[in-house]
Structures are given as C-alpha cells and as structure tokens.
Amino acid sequence: MNNVNRPLSPHLQVYRLPLTGIISITHRMTGVMLSMGLVFFVYIVSAVAGGSSAYSEMQDVMDMWLFRLMYWGFIYALFFHLCHGVRHLLWDTGKSFDRDTMDQYAIIELSASLILTLLAFIFI
Amino acid sequence: MDYRSPLAKVRGLGSANAGTSHWWMQRVTAVALIPLSYWLIIFLDLSLNASYQQTAAWLASPFNAICVVSWVIAVFYHAAMGLQVVIEDYVSPEGWKITSIWSVYLIFLFLALAALIAILRIILAG
Chain A
1 MNNVNRPLSP HLQVYRLPLT GIISITHRMT GVMLSMGLVF FVYIVSAVAG GSSAYSEMQD
61 VMDMWLFRLM YWGFIYALFF HLCHGVRHLL WDTGKSFDRD TMDQYAIIEL SASLILTLLA
121 FIFI
Chain B
125 MDYRSPLAKV RGLGSANAGT SHWWMQRVTA VALIPLSYWL IIFLDLSLNA SYQQTAAWLA
185 SPFNAICVVS WVIAVFYHAA MGLQVVIEDY VSPEGWKITS IWSVYLIFLF LALAALIAIL
245 RIILAG
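Protein chains in written order, with my numbering: chain A, 1 to 124; chain B, 125 to 250.
Simulated from the structure, these hints should not be mistaken for lab results.
Hints may contain errors.
[What the hints assert, rightly or not] Chain B regions said to be covered by chain A (calculated; three or more residues, Cβ under 8 Å):
hint, stretch
1, 151-165
2, 179-193
3, 206-213
4, 225-239
[What the hints assert, rightly or not] Pulled from the structure, derived: some chain B residues nowhere near chain A, Cβ distances all over 12 Å:
hint, residue
5, 132
6, 143
7, 171
8, 175
9, 219
10, 244
Built from N, CA and C at the ideal position, the CB exists for glycine as well.
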C-alpha cells in the first residue's frame with residue numbers, strides 16, 4: 001500500500017487537459033456562474049412586479065456597462081452550457097466516445113455557442 | 125454501539141436509489157430547459173430594452189407566463205442539483221458538505237419562490 005508510484009488522477013494544475021477536458025471543466029464553471037446569475041433574474045422579475053418606477057430604476061442599473069458585460073457573459077455561458085449539455089445527453093445514450101468524434105464535437109459546440117450568442121445579439 | 129443490521133448499513137452507505145433519481149431529474153430538467161431558454165432570453169431582452177407596459181403585458185399573457193414559470197421551476201431545481209454535485213466533489217469534510225448542500229437547496233427554494241411570487245403579482249396586476 002505504501003507504493004509511491006501509484007498512478008495519480010489527472011490533477012487540474014499539473015496535467016495538460018485535452019480539449020474535451022477543458023470543455024468539461026468549463027461546463028461546470030459556466031453551470032456555477034449561471035446559478036449565481038439566477039439572482040439577477042429574481043432581481044429583474046421583482047422589478048417588473050414592482051411597477052413602472054422600480055422597472056425604470058432596474059433598467060438604469062442594468063444599463064451600466066459592467067452589468068451589460070455580465071449580461072452577455074451570462075447569455076454566452078447559457079448557450080455554451082446548453083450545447084455541451086446536449087452532448088452529455090448524447091453521451092448518456094452511449095454514443096460518440098471515440099477521440100476524433102469528441103474533438104470534432106468540441107469544435108462544433110464552441111462555434112455553435114458563439115453563433116447562437118451572435119444571433120441573439122443581432123436579432124433580439 | 126451500532127445496532128443496525130448489515131443490510132441496513134449497506135442501504136445507508138450506498139446509493140439507496142437516490143443517486144439514480146438525482147441523475148435522472150438532472151436530465152429531465154436539462155431537456156425541459158432547452159426549449160424554455162427561449163422564453164428566458166425573450167423576457168430578459170424585453171426587461172432590459174422594452175417599456176414597462178410592453179414587458180408586463182408580455183409576461184401577463186397566459187402562454188408566456190406558463191413557459192416562464194416552467195423555466196423557473198426547472199432551472200432552480202437544475203441549478204441546486206448541479207451545485208450539489210460540485211459541492212460533493214470538492215468539499216470533503218462531512219459537516220461542511222451537508223450544511224452547504226442544505227444551504228444551497230434552501231437558498232434556491234427561496235429564490236424560486238421569490239421569482240414565482242413576482243410573476244404572480246405581474247399576472248394579477250395585468
């Protein structure tokens with residue numbers, strides 16, 4: 001049991017993650033950030049419930065560049081989390097586990113989430 | 125002294141079926157959230173850019189209200205379950221683990237109720 005040469009699990013700080021690994025930890029981080037962002041949703045919907053003066057006050061706050069930036073970060077994180085979530089659902093069926101497919105899907109996810117964010121920016 | 129039978133111990137240690145249902149509900153809410161995200165984005169866009177009357181009228185219309193309420197229920201459940209898994213992975217002291225998971229669930233329940241009550245107020249006012 002005291003063998004020091006036992007294999008280590010891929011530790012985040014000392015192991016260069018493959019693309020799928022980077023995307024996997026990003027999925028988790030975006031999940032945590034989106035969860036925190038829900039506080040903003042509660043704030044916004046409460047402002048709508050609060051009447052027109054509370055509403056315009058909220059709009060002024062959300063108009064500040066920092067919050068705008070956070071808003072678009074939230075939208076991008078949402079699309080990324082959604083795209084990688086779809087892949088998790090695919091994985092759950094037992095498909096697409098070989099390395100080439102994984103890298104290919106990673107590129108598709110990253111571009112799809114960027115395109116969706118761009119479409120939201122242009123059309124909404 | 126532990127009076128539990130070996131079977132009871134095994135049941136207490138293992139998944140006792142809770143793991144499967146947790147995993148399953150994470151997927152069910154995930155699938156529900158894919159289409160429902162559309163209503164979130166429309167709502168956020170209106171709230172940030174449209175007039176008060178426009179946003180309130182949009183949210184007060186029955187179909188939009190149903191979709192946003194469904195989104196709220198699914199998303200807060202999904203988020204609490206996801207954060208639970210993150211806590212279970214990175215917080216090892218048992219006491220901290222349990223109290224932080226409880227806190228997450230209570231906070232997200234509170235936030236979900238706050239959102240639902242706000243939506244209800246908008247519907248009743250409109």
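Results of checking the hints against the structure:
1. Proximity of the stretch 151-165 of chain B to chain A, defined as three or more residues with a beta carbon under 8 Å from a beta carbon of that chain, is established by the 8 residues found.
2. Requiring three or more residues with a Cβ within less than 8 Å of a Cβ of chain A, the coverage given for the stretch 179-193 of chain B holds, as 3 such residues are present.
3. Residue count for the stretch 206-213 of chain B with a Cβ under 8 Å from a Cβ of chain A: 3. That meets the three needed, and the coverage hint holds.
4. For the stretch 225-239 of chain B, the stated coverage by chain A holds: 4 residues have a C-beta nearer than 8 Å to a C-beta of that chain, and at least 3 were required.
5. Residue placement check: residue 132 of chain B keeps its beta carbon more than 12 Å from all beta carbons of chain A (closest about 30 Å).
6. Distance check for residue 143 of chain B against chain A: the nearest CB is about 15 Å away, which clears 12 Å, and the non-interface claim stands.
7. Its beta-carbon lying about 5 Å from the closest one in chain A, residue 171 of chain B breaks the requirement of being farther than 12 Å from that chain.
8. Look at residue 175 of chain B: its CB is around 9 Å from the nearest CB on chain A, not clear of 12 Å, so calling it non-interface is violated.
9. No Cβ of chain A approaches the Cβ of residue 219 of chain B within 12 Å, the least distance being about 22 Å, so the stated non-interface status holds.
10. In this structure residue 244 of chain B is not separated from chain A by more than 12 Å, as the shortest Cβ-Cβ distance comes to only about 8 Å.
In this structure, the hints that do not hold are numbers 7, 8, 10, in rising order.
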